[in-house]
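Chemist: Sequence:
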Amino acid sequence: ILIFILMFIPVSVLADTDSNQTGTSYLTVGLGYMDTNLDLADDPAYSGWSSDDDSGAFRLGYGYYWTDEFSLEAHYQVISGAEISTPLNIKADYDIYTLSLEGVYEVSVAENIDILPRLGFSYAYQELSVTHSSTKYAISDDDYYLTYGIGVQFAKSWRFEFYKIGDWDNPSLYLLSYKFSL
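What the sequence shown shows, in this note's numbering, is residues 30 to 211, in sequence order.
No lab work stands behind these hints, which were simulated from the structure alone.
Glycine included, each C-beta is placed from N, C-alpha and C at the ideal position.
Among the hints, a few may not be true.
With beta-carbon atoms standing in for the labels, derived distance ranges [stated by the list, open to error]:
id: 1; residue 1: 53; residue 2: 116; range: 52 to 62 Å
id: 2; residue 1: 95; residue 2: 115; range: 46 to 56 Å
id: 3; residue 1: 163; residue 2: 130; range: 35 to 45 Å
id: 4; residue 1: 166; residue 2: 207; range: 17 to 27 Å
I would like the entire structure built from these sequences, with the hints used as guidance.
Modeler: Okay, here's the thing in structure tokens:
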């Protein structure tokens with residue numbers, strides 16, 4: 030879908046030509062729901078383990094318009110709240126922190142409604158931690174991932190987005206955010 034939209038954008042010149050956003054910047058603040066796609070039941074090494082994929086997400090970002098329709102956006106994301114339970118019912122927390130740089134294209138489809146395809150990369154830090162006898166034990170992993178998504182922007186400020194970190198089996202984020210012009 031994202032490839033179709035990116036190919037369709039240059040053909041359909043639907044962008045609002047009187048907006049003059051070039052050279053301006055904005056901040057975004059968002060809250061969302063993350064499905065971490067932890068599927069331990071399918072892995073024989075985790076027999077008896079269970080997971081709660083539901084996580085809350087918070088995003089804080091900064092964007093700069095290179096043209097009226099294209100912006101470069103950097104954001105920091107905290108995804109927290111998922112739990113993994115061992116066969117002995119010991120609970121461990123699974124958290125993800127990302128720092129991303131992405132290109133965002135605003136395609137106007139109607140007055141005050143824009144489609145927002147995005148593509149970029151993220152540095153993601155993942156941590157699995159458990160507390161035992163008041164001591165926190167953690168294992169972590171970090172890596173760089175391709176990030177992509179699609180969203181809808183209403184009234185030039187409110188955004189609802191679907192967002193992926195890495196390939197299809199990696200986390201999926203549903204985010205509601207607000208864009209503040211600077």
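Chemist: Work down the list of hints and note, for each, if the structure agrees.
Modeler: So, going through the hints one by one against the coordinates:
Judged by the Cβ atoms, the range 52 to 62 Å given for residue 53 and residue 116 holds: they are separated by roughly 54 Å. Taking the beta carbon of each, residue 95 and residue 115 are about 49 Å apart, inside 46 to 56 Å as hinted. Distance hint check: the CB atoms of residue 163 and residue 130 are about 39 Å apart, consistent with the given range 35 to 45 Å. At roughly 38 Å, the beta carbons of residue 166 and residue 207 sit outside the given window of 17 to 27 Å.
In this structure, only the earlier hint numbered 4 is contradicted, and the remaining ones agree with it.
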